[in-house]
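Residues per chain, in single letters:
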Amino acid sequence: MIERRPVLDFVSHAVLIIGVAIIAFPVYVAFVASTQTAAQITGSNPLSLVPGNNIVSSYTLALMGGKVAAGGTIPPGWPMLWISFVVAMVIALGKIAISIISAFAIVYFRFPFRGLVFWMIFITLMLPVEVRIGPTYQVVADLGLINTYAGLTVPLIASATATFLFRQFFLTVPDELAEAARIDGAGPMRFFMDILLPLSKTTMAALFVIQFIYGWNQYLWPLIATTSEDMYPIVLGIKRAIFGEIYVEWNVVMATAILAMIPPAIVVILMQKWFVKGLVDTEK
Amino acid sequence: MEKRVRFKSAWLPWLLVAPQMAVVLVFFFWPAGQTLYQSVLQEDAFGMSRQFVGWQNFERLWEDPSYLDSFYTTAIFSLLVAVLGICIALLLAVMANRVVRGAAIYKTLLIWPYAVAPVVAGVLWLMMFASPWGVVAYALQALGCGWNHLLSGTDAMALIVMASVWKQISYNFLFFLAGLQSVPSSVIEAATIDGASPWRRFWNIVFPLLSPTTFFLLVMNVIYAFFDTFAIVDAATQGGPGKDTSILVYKVYYDGFKALDMGGSAAQSAVLMAIVILLTVFQFRFVEKKVQY
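These protein sequence lines are chains A and B, in that order. Numbering-wise, this note's numbering puts 255 at position 255 of the first sequence, and it's gapless, one number per residue. Plus 1000 on top of the position in the second sequence (first one is 1) and you've got this note's numbering.
Keep in mind that a hint or two might mislead.
[Unchecked claim] Calculated lysine-lysine pairs in the DSS-like style (CA-CA distance at most 30 Å, straight line):
1) K1003/B - K201/A
2) K201/A - K277/A
3) K1008/B - K201/A
[As the list claims (entries may be wrong)] Simulated restraints, written as ranges between beta carbons of each label pair:
4) I266/A - V1083/B: 13 to 21 Å
5) T148/A - V1100/B: 49 to 57 Å
6) M64/A - A1104/B: 32 to 40 Å
If you're looking for bench data, these hints aren't it; they were derived computationally from the structure. Where is the CB? At the ideal position from N, CA and C, for every residue including glycine.
With the hints as extra help, turn the sequences into a complete structure.
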């Protein structure tokens, strides 16, 4: 604190509280809607902002599925949550695994075409999956990977953010460590497993948070790479519930939206320190 | 920067880069090459025949008023998202950097929307503006401003801008906060002793020191608005009413997968690729060098 400015302090708190309220408001409305019945929501003008008493039934329907009063059938949500979880884990862990070893090779070895390999990986940073969506679909379809976990995850692993983060980190590891390991007779893999891997823990945690959220929130790719509703991740389930039905069960849609939000939000809040590190490091 | 100490092995480095190279070649270079290749081909809707048409797909795009409209829509949309998102986040970051009490709590409460899937963001905002029961639409009606994003292109654009900004604030906020925390306090102290007001200190010292962060965020927000907002548009407006919110990436998807015009879609993808590459090069070359203090 450089100087005391009580008025400015008050204004700061006021602005922050208003900001937090605006950020939280849509989620609060969604929560309130998920505690009412579908008829209450569509019949209201406007929606009541006091939670209703239909919370158990909305969330049971969202998780387990079942028939609703209007005649429609709601598919169960928990298999979609499971698919999202598997996809997010495979993308996060897969990316970390393949990038850490390739970064190790690029930093600690000299081999022919090392520069070429480096640039081929680097250029993937530039193009998000959205701009090559059609041909990627054709490749995945030709390989018979539509509606499989491999089809949902592997094309999204093909990006270099993680490789670069590990490369940056390895370059800051003191050379003395590698020298000492060599003098003691340790081979490259021994050095990697016993020295580099334990040192990289923080970087791995940071990457995990970012990539888990990235994988969980994927939308366009699963929309194209799945044709069977059995392989829908939860974010697609939300869309199907709104646009696939004539009569939208808004309470169930909102319950599903809240359920879809919880896992990544928990990851961000519990692993906040690594999240901030991961975000700032991967982008800069 | 290079390592002094290296290991020697003829085969190990190849084995180590093999998994990543395989994934990158199959799922990146092959499709990216195909995009460029298809952009010069004309394919019938059943995929039975294709022929080389050179620049025709691009010429078709150039003459297609709906594509130029989509460019215009995307430009307005990304400008609004970037500018609003950056301004709001900067305000919040400056305030959060000032307060001592509760700073950690404010930070936690402001960053979690990063975890919300874009499609969920789109649905949440759609619900607040759904007629007749959406609470915000109702409040606007009561204030005398009618709202109907199903009929009015302006309303629909406002809807996707709000949802996109809402989702992106946390990202911008974190970068601004990191930038503010690296401003040396001695400089601020010196200015305070010289009698500069907080307002003056911000505009003459803090804001110029933040300019690398601001430019970086400008580029990242434009990229976000170009690509990551697909799900928001798809959930909230589906490109409508008419084509009023059909941004470029939505049009690529629609033309390729709904209208089955693969050549046109590939040509659009190629244009998008060029835009991303330009933005990235711009960021590396121009921003990094010119905007340093």
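So which of the earlier hints does this model not fit?
4
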